[in-house]
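K.L.:
Each chain, letter by letter, is given below.
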Amino acid sequence: MALKNKAVSNKTSNSEYFELLEKMILIRLFEDRCSEHYSRGNIKGFLHLYTGEEAIAVGSISCLEEQDYVITHYRDHGHALARGVEPQYAMAELFGKSTGTTGGIGGSMHIFDSTKNFAGGHAIVGGQLPIGVGLAYAAKYRNTGAVTLCFLGDGALNEGEFHESMNLAALWDLPIVFICENNLYGMGVPVEEAVAKKDIFEIGHAYDMPCSRVDGMNVLEVKKITEKIIKDVRNGKGPYFLEAQTYRFRGHSMADPSMYRGSSEEELWKLRDPINLYWSWLKENGYAKNELDGIYEKMNTVMDQAVEFATESEFPAIDDLYNNIYFENAG
Amino acid sequence: MPNVITYREALTKGIREALIDNDDCFLMGEDVGAYGGAYAVSKGLLEEFGPKRIVDSPLSESAIVGLGTGSSMVGLKPIIEIMTINFLLVALDQLVNHAAKIRYMSANQYSAPFMIRTVTGGGAQLGATHSQCFEPWLASVPGLKVVAPSSPYDALGLFRSAIKENDPIVFVEHILLYGSKGIVDEDYYEIPIGKANVVRSGDNLTLVAYSKMVPLCLEVANSLEDQGIDVEVIDLRSLRPWDKETIINSVNKTNRLVIVEEAWRSGGFGAEIASTIQEEAFDSLDGPIGRVGGLEVPMPYTSVLESQVIPSKDRIITYIHQNLNT
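As they're listed, the protein sequences go chains A and B.
Residue numbering for the first sequence is 1 to 331, as defined by our numbering.
Residue numbering for the second sequence is 1 to 326, as defined by our numbering.
Treat the hints with care, since some could be wrong.
Dumping the calculated BS3-like pairs for lysine-lysine here, alpha-carbon to alpha-carbon at most 25 Å [unchecked claim]:
(1) A:Lys-116 x A:Lys-298
(2) A:Lys-116 x B:Lys-77
(3) B:Lys-253 x A:Lys-140
(4) A:Lys-237 x B:Lys-52
(5) B:Lys-164 x A:Lys-140
(6) B:Lys-181 x A:Lys-140
To spell it out: a stretch of chain A is covered by chain B in this simulated footprint if at least three of its residues, at any positions, have a beta carbon under 8 Å from a beta carbon of chain B; those stretches are [to be verified]:
(7) 117-130
(8) 134-140
(9) 162-174
(10) 236-250
(11) 258-269
Bear in mind the hints are in silico, worked out from the structure with no lab data behind them.
Treat the numbers as computed from the prediction; the structure is a model and nothing was measured.
A virtual CB, placed ideally from N, CA and C, is assigned to each residue, including glycine.
Please work from the sequences and hints to get the whole structure.
P.N.:
What follows is the structure, encoded as structure tokens:
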């Protein structure tokens, strides 16, 4: 199976093509290391891996400007890394170390990096949506031109906050793109048993919000459509609802052996591995020769260093416990 | 120069000042615009400041509280009006799981310095779903601040401090206090968050209350004075943080403490105060700490029953005589 895209846009350079590939591989390897270190007991708590969904975060976030915001749900490693959060800080966070993105306070589900305008992983399903609306509201209020990319899973479609947020965004023409990562399951419940609407992207129509569906395993398709959407949103055309169809190659969390779905289904989806599809496309279109091993090697080195950094970092001091509850004890 | 205004006018004045002071400040809520606010607090503000600063929102409490968080994370100063504290329940996820946590969970990279104004209390015959007092729940959440003014003077002074807060603060107004009148200074003043106010000095018994129960406790104190009991009345003003020192100092003097609250006693704020005071000032107490609270029922509509539920002057006085052997 191969991607059918022609070159995405005449702006996409050779190095940009490889950047997409590197980012996807970085996320894949980051999640592999997370899995390994969860098994070893270095990472605790809930751990939701983004494996298989890499093309969505990488393709869409690659279209953003520095001033734009990204806000997402608890399966947030991929979005954070795609936005440029340093892997060693993210890994240190998962290890609970003081050098982590939030000094070990947030953990896997709550990665933040204000220097990248990465406004967080949020772990109450749907909870990030009103906050994303607020980020977009501020951009419009101050006329900054910033766009907010707000990710949600298919499970969030059924939360009341989804309706409220979609309505407000549309009502007030806010510069926000909702990207629904439909990975076909809300934990173990198939999406068709949870969402009444068959074609999920059409939910946008209920709010007179432009909407469409994209193949979330195809990084170039994601990039192409997001580029166009963001251009329109930035130009004041109001919000957009994009459904990206995808599949998580692992369980809902590390605690989930995925007994509710058949291995044949998993195997079929793995034929559509976004990294392999993209690599084939790069080769067929003459952008790459036999360098994939080299990229894996390079990204593995990055991950070795990240794990080493996380391992060698200190845990936070007990005295840090009460920091940052309020401004008065912030810092 | 002192000036007599209503609690409502004090709030309008505070909001107006905030809007004039900061272009990034806006008031958003259900019917805050053309309607002027369900309790008329924002009357005239739409005409004065326009629709960018006075924003009518749909009935979407969760979304507007979340909008308060998101927009304040990146520099705006929202005042979100939630028509009553009963409606705030549908936005508790945004308030408790998100607004209250954002500074801590992001390790100070983000914060949510916005205000929620809302209305507590019973006594207006609005029945079980519109007469509740949930501010003690909110006061149990690290990351939030909660204030509840009892007079026009406090409403203005606390508002001026609350709008300068750098963290989410719930500003709790009482449904039956809007028309109450009181003196405010013409000169600018603020009332610090987290400091209680000794509104009446006395030697025999300390009554602690907040919001609408404060003027009631003053009436109780006046009646007991006729019976030879000298009551000190403390207005908490803030529920989080709350001022235990002022209460301990008072108990050290009076040796008796009764807490009066409109909310249910179970798991209530009076329980928190009682527990803390017995821990920290046990030797000063001449008897058990008393609590008078709302009866443990959903609020009935009809006035003959509703008036039984909310602490009354007579109920407080009877309680004091029965339980404190005074």
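K.L.:
Look at each hint and say if it fits the structure.
P.N.:
How the hints compare with the structure:
1. For the suggested pair Lys-116 of chain A and Lys-298 of chain A, the alpha carbons sit about 23 Å apart, so the restraint of at most 25 Å is met.
2. Proximity of Lys-116 of chain A to Lys-77 of chain B is assessed by CA-CA distance (about 22 Å); at most 25 Å being required, the pair is judged to hold.
3. Simply put, Lys-253 of chain B and Lys-140 of chain A have alpha-carbon atoms about 56 Å apart, too far for the 25 Å limit, and the pair is violated.
4. Note on Lys-237 of chain A and Lys-52 of chain B: the hinted pairing holds, with a Cα-Cα distance of about 19 Å set against a maximum of 25 Å.
5. Among the hinted pairs, Lys-164 of chain B with Lys-140 of chain A is consistent with the structure: their alpha-carbon atoms are about 23 Å apart, no more than 25 Å.
6. Between Lys-181 of chain B and Lys-140 of chain A, the direct Cα distance comes to roughly 40 Å. Violation of the 25 Å bound is thereby established for this hinted pair.
7. With 7 residues having a Cβ less than 8 Å from any Cβ of chain B, the segment 117-130 of chain A passes the three-residue criterion, so the hint holds.
8. Only residues whose beta carbon comes within less than 8 Å of a beta carbon in chain B count, and the segment 134-140 of chain A has 6; three or more means the coverage holds.
9. Evaluation of the coverage hint for the segment 162-174 of chain A: fulfilled, as 5 residues show C-beta separations to chain B shorter than 8 Å, against a requirement of three.
10. Given a C-beta distance limit of less than 8 Å, the hint that chain B covers the segment 236-250 of chain A is violated, as 0 residues qualify and 3 are needed.
11. For the segment 258-269 of chain A, the stated coverage by chain B is not satisfied: 0 residues place a CB nearer than 8 Å to a CB of that chain, which falls below the threshold of 3.
Against the hints set out earlier in the document, violations occur for numbers 3, 6, 10, 11.
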